[in-house]
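Using the sequences plus the hints, can you model the full thing?
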Amino acid sequence: MKPKIFPQQKQLIPLFCGIITIAGLLLSSCNSHSSGGQGAISAQEAAQQVYVAPGQYDEFYAFMSGGYNGQVSVYGLPSGRLFKIIPVFSQNPENGYGYSEETKPLLMTSYGFIPWDDAHHPELSQTDGIPDGRWLFINANNTPRVARIDLKTFETVETIEIPNSAGNHSSPFVTENTEYVVAGTRFSVPIPQKDVPIASYKQNFGGVLSFIKVAPSGDMDLAFQVMMPGFDYDLAHAGKGKSKDWVFFTCYNSEEAHTLLEVNASQRDKDFVAAINWKKAEEYVQQGKYHEFPGTYYDNRFDTSTQTAHSYVHQGVKVLIPSECPGLVYFIPAPKSPHGVDVDPSGNYIVANGKLSADLSVFSFDKIQQAIQQKQFDGEVNGIPVLKFDAVLAGVVKSGGLGPLHTEFDDKGNAYTTFFISSEVVKWKLGTWQVEDRQPTFYSPGHLMIPGGDSRKPWGKYLVALNKITKDRYLPTGPELCQSAQLFDISGDKMKLLLDFPTVGEPHFAQAIPASILMPRSDKIYQLASNHNPYVTRTEKDAKVVRKGKRVDVYMTEIRSHFVPDNIEGIYLGDTVYFHLTNIEQDWDAAHGFAVEGNRENAELLLMPGQTKTLKWVPVRVGVFPFYCTDFCSALHQEMQGYVRVSSPNDNVALTWSTGKE
Amino acid sequence: MDLKHSAMKTKSNRTASWLMLGAVLSSVLIYFFPLWKITLYAPQYPQGIRMYIWINKITGDDAYTLQNINILNHYVGMKDIDPHAVPELYYFPYALAGIIFLGVIAWLIKKRWTYLSWAILYALSGAIAIYDFYLWEYDYGHHLDPKAPIKIPGMAYQPPLIGTKHLLNFTAISLPEWAAVFMLVSVVLGFVAYWCCRSSSDKQLADHHPNILTSSSQSRVLSHH
Numbered sequence: 000m001k002p003k004i005f006p007q008q009k010q011l012i013p014l015f016c017g018i019i020t021i022a023g024l025l026l027s028s029c030n031s032h033s034s035g036g037q038g039a040i041s042a043q044e045a046a047q048q049v050y051v052a053p054g055q056y057d058e059f060y061a062f063m064s065g066g067y068n069g070q071v072s073v074y075g076l077p078s079g080r081l082f083k084i085i086p087v088f089s090q091n092p093e094n095g096y097g098y099s100e101e102t103k104p105l106l107m108t109s110y111g112f113i114p115w116d117d118a119h120h121p122e123l124s125q126t127d128g129i130p131d132g133r134w135l136f137i138n139a140n141n142t143p144r145v146a147r148i149d150l151k152t153f154e155t156v157e158t159i160e161i162p163n164s165a166g167n168h169s170s171p172f173v174t175e176n177t178e179y180v181v182a183g184t185r186f187s188v189p190i191p192q193k194d195v196p197i198a199s200y201k202q203n204f205g206g207v208l209s210f211i212k213v214a215p216s217g218d219m220d221l222a223f224q225v226m227m228p229g230f231d232y233d234l235a236h237a238g239k240g241k242s243k244d245w246v247f248f249t250c251y252n253s254e255e256a257h258t259l260l261e262v263n264a265s266q267r268d269k270d271f272v273a274a275i276n277w278k279k280a281e282e283y284v285q286q287g288k289y290h291e292f293p294g295t296y297y298d299n300r301f302d303t304s305t306q307t308a309h310s311y312v313h314q315g316v317k318v319l320i321p322s323e324c325p326g327l328v329y330f331i332p333a334p335k336s337p338h339g340v341d342v343d344p345s346g347n348y349i350v351a352n353g354k355l356s357a358d359l360s361v362f363s364f365d366k367i368q369q370a371i372q373q374k375q376f377d378g379e380v381n382g383i384p385v386l387k388f389d390a391v392l393a394g395v396v397k398s399g400g401l402g403p404l405h406t407e408f409d410d411k412g413n414a415y416t417t418f419f420i421s422s423e424v425v426k427w428k429l430g431t432w433q434v435e436d437r438q439p440t441f442y443s444p445g446h447l448m449i450p451g452g453d454s455r456k457p458w459g460k461y462l463v464a465l466n467k468i469t470k471d472r473y474l475p476t477g478p479e480l481c482q483s484a485q486l487f488d489i490s491g492d493k494m495k496l497l498l499d500f501p502t503v504g505e506p507h508f509a510q511a512i513p514a515s516i517l518m519p520r521s522d523k524i525y526q527l528a529s530n531h532n533p534y535v536t537r538t539e540k541d542a543k544v545v546r547k548g549k550r551v552d553v554y555m556t557e558i559r560s561h562f563v564p565d566n567i568e569g570i571y572l573g574d575t576v577y578f579h580l581t582n583i584e585q586d587w588d589a590a591h592g593f594a595v596e597g598n599r600e601n602a603e604l605l606l607m608p609g610q611t612k613t614l615k616w617v618p619v620r621v622g623v624f625p626f627y628c629t630d631f632c633s634a635l636h637q638e639m640q641g642y643v644r645v646s647s648p649n650d651n652v653a654l655t656w657s658t659g660k661e
Numbered sequence: 000m001d002l003k004h005s006a007m008k009t010k011s012n013r014t015a016s017w018l019m020l021g022a023v024l025s026s027v028l029i030y031f032f033p034l035w036k037i038t039l040y041a042p043q044y045p046q047g048i049r050m051y052i053w054i055n056k057i058t059g060d061d062a063y064t065l066q067n068i069n070i071l072n073h074y075v076g077m078k079d080i081d082p083h084a085v086p087e088l089y090y091f092p093y094a095l096a097g098i099i100f101l102g103v104i105a106w107l108i109k110k111r112w113t114y115l116s117w118a119i120l121y122a123l124s125g126a127i128a129i130y131d132f133y134l135w136e137y138d139y140g141h142h143l144d145p146k147a148p149i150k151i152p153g154m155a156y157q158p159p160l161i162g163t164k165h166l167l168n169f170t171a172i173s174l175p176e177w178a179a180v181f182m183l184v185s186v187v188l189g190f191v192a193y194w195c196c197r198s199s200s201d202k203q204l205a206d207h208h209p210n211i212l213t214s215s216s217q218s219r220v221l222s223h224h
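Top line first, the protein sequences correspond to chains A and B. For the first sequence, numbering that gives the first Met the number 0 gives the first residue as 0, with consecutive numbering after it. For the second sequence, numbering that gives the first Met the number 0 gives the first residue as 0, with consecutive numbering after it.
Since the hints were made in silico from the structure, they are not lab data. Everything numeric in this text was worked out from a predicted model, so none of it was measured. Ideal Cβ placement from N, Cα and C applies to all residues, glycine included. Hints should not be assumed to be uniformly reliable.
Claimed, not checked - Not close to chain B: a few residues of chain A, all C-beta gaps over 10 Å, as computed: (1) F82; (2) E282; (3) F292; (4) R537.
Claimed, not checked - Label pairs and their computed distance ranges (CB to CB): (5) B/G47 <-> A/S345: 46 to 52 Å; (6) B/T14 <-> A/R537: 55 to 61 Å; (7) B/L123 <-> A/Q640: 39 to 45 Å; (8) B/N168 <-> A/K543: 32 to 38 Å; (9) B/G47 <-> A/G573: 49 to 55 Å.
Given below as structure tokens:
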């Protein structure tokens, strides 16, 4: 019998279906490959690596800036779980930050009370160039400020305003032993501020780089500023090891454009990395070679003993002019509007991420020193010597990507750079400048972060890419979508994508530190005995209501599950009432809240054990108004409530307060 | 006189004296360690809360443990545990000092009967103290505020004297601590000292009838050989 070459029609149908199925499988596998980008790693493998079993702890704390939410989010790695949001430059109705009388001063500036800012770069304090877990610093971009968060309490304890600065973007990077936090201006402005035509930019505008001294206690003081040409100072990093006396700032707009910068600031082939010798600057300040510039600025400090922030207003700042201070500043030409400037763990290599180019320029600190000694200059700008590009260049990374923004390092001599435009992370080798690996990100990463990756001691196990665009990566939430972090395993030769997780606000930079360093430092309660808030009520016996004219101070305690007092009478329309709440619990995680009806200006209070906070309330109606605990504190939380009676000024109601009186 | 017998007698009396000294010193240690520990576990207290009962005080894991336990206890109407309201914590240290003092006297006298009387007195005192502790536990567990927010008919909250007991959402574990061990060691050493010590009647008997072994010395001689 002749074999059938063509199958009969009956048999064609299943065959056709089979082909469709195979094609479909191919397509779908292609799809999942391109959107997962996991290379050789299976979903199960990735899941195992990021799975932190219930009750187990993450290996790292990650601190991500919230960008335009003005906050810091605290995540666990590798799980990507969100633990806490630390309010810094924005009022936070969730816990009363910026609403309580104790915290309002932290948001004070020379412009007055500012309840919002744009927080970009968290930076852990360092000792010997290694994150030490004492504090986290973060910048406010819009109204220039730097904040310090105490990592015992995860609370903002200081904000300092930067005068003469505008757009505090190249900030707050620390020197090797947290001697200084730097704060360079992104926008150049008239210094001191004055009313001039914008078109007089080149004559009137300048940019200051500020150095904030950090005391051993953590208290910040504006030490001095360096007056630079009117460029845009974008990012910074301090040197380490041999380069520890230096801080490097990138700048763009060396064209000094004041309009349509998109085009006008992208004309020159090279902008600069400014290398500043801060030790030299200290000497010049000591020698008195500075100019006193006017400038009003606020330093707001939270006193942990009184649990109250106070604003200190300062006038004037010491300004160094580079042309008068030889050896203070050098310019290194860097291609195409460099964005991030990153120093490798050895302190020898300085990477300029030219954001409009494909390549990375890496400079050698040794060569920079040599060029300075041999005066290999290529002219100068405003008295600042420009080093010869070829004399200081250590190597160029031919990346094959486009739009390099930021670089971090592992502990094995590798560097990792984000490419915004080509949406990828590229791994390359220090010294050989060869690309070792590349992985797509979803989509368009800004910063990236390796725990300790900008320090002398990277913990090179994970890399987090912080993506600006998510499009199709998550369930859609209307036109406004989340931004996202992507976790890579970088322990092997090739990067492996493990996890996507959404982030809060717009994280720019992030920092991470082993939990083993931070966890033992974390406070469990505030000691009631060392709470010296002037309005503390330590025991229920001390609870009281005090009238002084039209001001009424209520000294109130909270403990499971009642307030003392919980019945208050004798408040009149026209009074201003201050509820001074003290949570007299001393048990871990025994929080209480407080809210009172019709509070127009302020949010609630959330009090941790041993804390005192004050809520201002101006009653607007006559009546009896409830107040209650807003935190589900205990089995009888719903019973944790009280009443305040507001009477007309024409009535005569005695001031009384009580709890448990029938 | 049997010299060997006499030497043995002196030696065993010296041992008894050392044991008695040990008993006294062991009693001194009671001041420096807790007698009893009550551990409470609950879903909200996965790491447990520990309360320590000393000869003169009640402490916890930290300065606030008692306050925290009292907050929890008030829901079921238990009284506050207030060390100032427990008079035993004032006079027990003196009672112990008295016992230690008598121990020193007994040790100086070095007579069998002094060791025995001391050990019996001590054992009785210890038993009374434990019974007293039980009464306090009973009092806390049974005398509840009738206005308590949580009332469960027939429920009492007396923690166990020794062992584990489940009380609503809590698991209570009550166990002796180091000072209780030292107390037990003291009593046992007192009895052993009595047992080791050759009595004065033994001594007289041995003096007059050197060939007769008394009951208490006999076994030791035998074991010696």
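Results for each hint:
The Cβ of A/F82 sits about 18 Å from the closest Cβ of chain B, beyond the 10 Å cut-off, so the non-interface label holds. The claim that A/E282 is not at the interface with chain B holds, since no C-beta of that chain comes within 10 Å of its own (minimum 50 Å). No Cβ of chain B approaches the Cβ of A/F292 within 10 Å, the least distance being about 51 Å, so the stated non-interface status holds. Every CB of chain B is more than 10 Å from the CB of A/R537 (nearest about 12 Å), matching its label as outside the interface.
Between B/G47 and A/S345 the C-beta distance comes to about 48 Å, which sits within the given range of 46 to 52 Å. For the hinted restraint 55 to 61 Å between B/T14 and A/R537, the CB-CB distance of approximately 57 Å keeps it satisfied. Look at B/L123 against A/Q640: about 54 Å separates their beta carbons, and that is not inside 39 to 45 Å. B/N168 and A/K543 have their C-beta atoms about 36 Å apart, which keeps the hinted 32 to 38 Å range intact.
About 53 Å separates the C-beta atoms of B/G47 and A/G573, a value consistent with the hinted range of 49 to 55 Å.
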